[in-house]
Amino acid sequence: MTFSPTFSSPCLCAQIYIVGMSFAFQAIFALLSGLLGKKIRERIVLVGSSLRELHEDLEHTDLPQQLGGGMVFDWSECLKTLQDSQSEIQVVKLGEARQRF
-2 MTFSPTFSSP CLCAQIYIVG MSFAFQAIFA LLSGLLGKKI RERIVLVGSS
48 LRELHEDLEH TDLPQQLGGG MVFDWSECLK TLQDSQSEIQ VVKLGEARQR
98 F
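Residue numbers for the sequence shown follow the working numbering, beginning at -2 and rising by one.
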């Protein structure tokens, strides 16, 4: 009996960078990565502490300052945007519910 996970939705990420992982995480990932499909495995890049590969692959402006880049990311603005969009979704659902009755 073999385990063969299948997913019906396509991966929309070109690359997935995992930065700053511990040795234990690397070992666990090495064991579990065999369960992932070939395309997904090829898209995952484990970046060590030097960050050299990350800087070679991505533009300086696309990296947050914590990783040596120039992008300024405002979490409070991001959360506000998410809350606003969630409120709009709730209003639409409420409107749909009123139309049914």
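Watch out, some of these pointers could steer you wrong.
[To be verified] Pairwise CB distance ranges, derived in the manner of DEER restraints:
1) Q23 with D54: 15 to 21 Å
2) S82 with A21: 34 to 40 Å
3) G34 with K77: 33 to 39 Å
4) E56 with I25: 26 to 32 Å
5) D81 with A21: 37 to 43 Å
Hint data in this document are derived by calculation from the structure and do not stem from the laboratory.
Built from N, CA and C at the ideal position, the CB exists for glycine as well.
### Message
Could you work out which of the previously given hints the structure breaks and list their numbers from low to high?
### Response
Hint check: nothing fails, all pass.
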